[in-house]
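**Student:** Sequence:
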Amino acid sequence: MNDRELYETDRPAWINQAAPRMAKIFTDTPDATLAGMWSRMPRDYQTAVWQHLDESSRARIRALRAAA
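Sequential numbering from 19 applies to the sequence shown in the working numbering.
Don't take each hint at face value.
[Said to hold, decoys possible] Computed beta-carbon distance windows for the label pairs:
no. : residue 1 : residue 2 : range
1   : D28       : A84       : 29 to 37 angstroms
2   : S74       : N20       : 26 to 34 angstroms
3   : R83       : I43       : 14 to 22 angstroms
4   : S74       : E26       : 27 to 35 angstroms
If you are wondering where the hints come from, they were derived from the structure by calculation, not from laboratory data.
Virtual Cβ for every residue (Gly too), placed ideally from N, Cα, C.
Using the sequences and the accompanying hints, generate a full structural model.
**Tutor:** Put into structure tokens, the structure is as follows:
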């Protein structure tokens, strides 16, 4: 089953699979892009990704949210 099929049929499983990959992407994402990506993510996906972020990435997101 590919990512799209998994997303359409079993969202919790898709989140568990996709969240670690998104967390890795965030480490190399510029702040302006990161702020936009984070704000558009559904809350359940944010929560799953947050669990996989290192402390420096979490601090960046906190700072961006405070500045918004």
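**Student:** Hints broken by the structure, by number, lowest first?
**Tutor:** Checked against the structure, no hint fails, so every one of them is satisfied.
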